[in-house]
Amino acid sequence: MITVNARGTFSPEGPFKLTTIERRDLEPHDVLIEIKYAGICHSDIHTARGEWGPVNYPLVPGHEIAGIVTQVGSEVTKYAVGDRVGVGCMVDSCRECDKCREGEEQYCLNGNTGTYAATDRYGQYTQGGYSTHIVVTEDFVVRIPDGIELDAAAPLLCAGITTYSPLRHWGIVPGKKVAVVGLGGLGHMAVKFAHAMGAEVAVLSQTLKKKEDGLRLGADQYYATSDPETFKKLAGSFDLIVNTVSAKIDISAYLSLLAVDGTLVNVGAPPEPLPVHVFSLIPHRRSFAGSAIGGIRETQEMLDFCAEHHITPEIEVISANQIDEAWERVLASDVRYRFVIDISTMGNE
1 MITVNARGTF
11 SPEGPFKLTT
21 IERRDLEPHD
31 VLIEIKYAGI
41 CHSDIHTARG
51 EWGPVNYPLV
61 PGHEIAGIVT
71 QVGSEVTKYA
81 VGDRVGVGCM
91 VDSCRECDKC
101 REGEEQYCLN
111 GNTGTYAATD
121 RYGQYTQGGY
131 STHIVVTEDF
141 VVRIPDGIEL
151 DAAAPLLCAG
161 ITTYSPLRHW
171 GIVPGKKVAV
181 VGLGGLGHMA
191 VKFAHAMGAE
201 VAVLSQTLKK
211 KEDGLRLGAD
221 QYYATSDPET
231 FKKLAGSFDL
241 IVNTVSAKID
251 ISAYLSLLAV
261 DGTLVNVGAP
271 PEPLPVHVFS
281 LIPHRRSFAG
291 SAIGGIRETQ
301 EMLDFCAEHH
311 ITPEIEVISA
321 NQIDEAWERV
331 LASDVRYRFV
341 IDISTMGNE
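Start counting the sequence shown at 1; every next residue gets the next number (the UniProt record's numbering).
Some hints here could point you the wrong way.
To be verified - Derived SDA-like pairs (lysine to any residue); straight-line CA-CA distance at most 25 Å:
no., residue 1, residue 2
1, K78, P28
2, K99, W170
3, K17, W52
4, K248, F279
5, K233, V260
6, K211, I249
7, K99, D120
For the record, the hints were derived by calculation from the structure and aren't laboratory data.
Go ahead and model the full structure; you've got the sequences and the hints to work with.
Structure, rendered in structure tokens:
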């Protein structure tokens, strides 16, 4: 086993403490990655605070991981020492079911293995990227293109692919009209991607305080959902609405903004139910859908798309000592737009 430094939370209330965790010795197809940067995702908070179900403590979150390969197993063919790589929300799957064979491991019919708070095929409880090193099978590692800095690459492994995947799945091309609900870590990436794909993009936010940012990031319009006139004005407008917020909203009101055959897809994951009136769907053949991350193949496609179109997230780099403060700022929507931990500070207290 390999002992590495990490920052873990020991209860739902926190705080984070310096600790050590064990990584497995390399199997033939494993790579050892020295983590350089790890993004902070709202999912980290939901999970660590037990909002999505019970977890084992101590817990080391983090599934937006960017680093350098420092060692490879005896049969690794995809990567070499020194390669710039990333790891996202999953580190394994059954690899045998129909979805895995189709390259959609995120929908593995037997359940994929999360980067943290899961039990892997070796019987070990997985721990995430708020740590100095991680061991992952080469099939669940992606290559970070040279044109993307490692700190900016980290959030692409969750916030990036989570918004890229539904835009691709629902066929966003020039001429389509897309609305993005919320301009946070996920939302700002959805705006950038939809704009790069040629769509007409609108942001739907509670207020207009981020309007300047939204337009700068690629939105064509920006509307305040606290204004009832917004829903009257935009009724029947959009081919796709991507809801990125992790809080309860009036889904039926947002469904009214869809055109015939339009889809509202949820990528934000609030812990409480979101009731839907069926007559918000039936008269215009609308759909209410959900979308997870992408598979490994699509995640690599997304990274290459980002390099080609010069797309990176807006980030604020912090030290490991600032994780607790950063979490509170995420909950207060006080980040523009993704926190990234500098892992070189992991051992400093």
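Hint-by-hint comparison with the structure:
1. Annotation: proposed proximity of K78 to P28 holds, straight-line Cα distance about 12 Å (limit 25 Å).
2. Proximity of K99 to W170 is assessed by CA-CA distance (about 18 Å); at most 25 Å being required, the pair is judged to hold.
3. With a C-alpha separation of about 22 Å, the suggested pair K17 and W52 falls inside the 25 Å cut-off, and the hint holds.
4. With a C-alpha separation of about 20 Å, the suggested pairing of K248 with F279 holds against the 25 Å cut-off.
5. Annotation: proposed proximity of K233 to V260 holds, straight-line Cα distance about 16 Å (limit 25 Å).
6. For the hint linking K211 to I249, the alpha-carbon distance of about 20 Å falls within 25 Å, and the restraint holds.
7. In summary, the hint linking K99 to D120 is supported, as the alpha carbons are separated by about 19 Å, within the 25 Å threshold.
Going down the numbered hints, you'll see the structure goes against none, and every one checks out.
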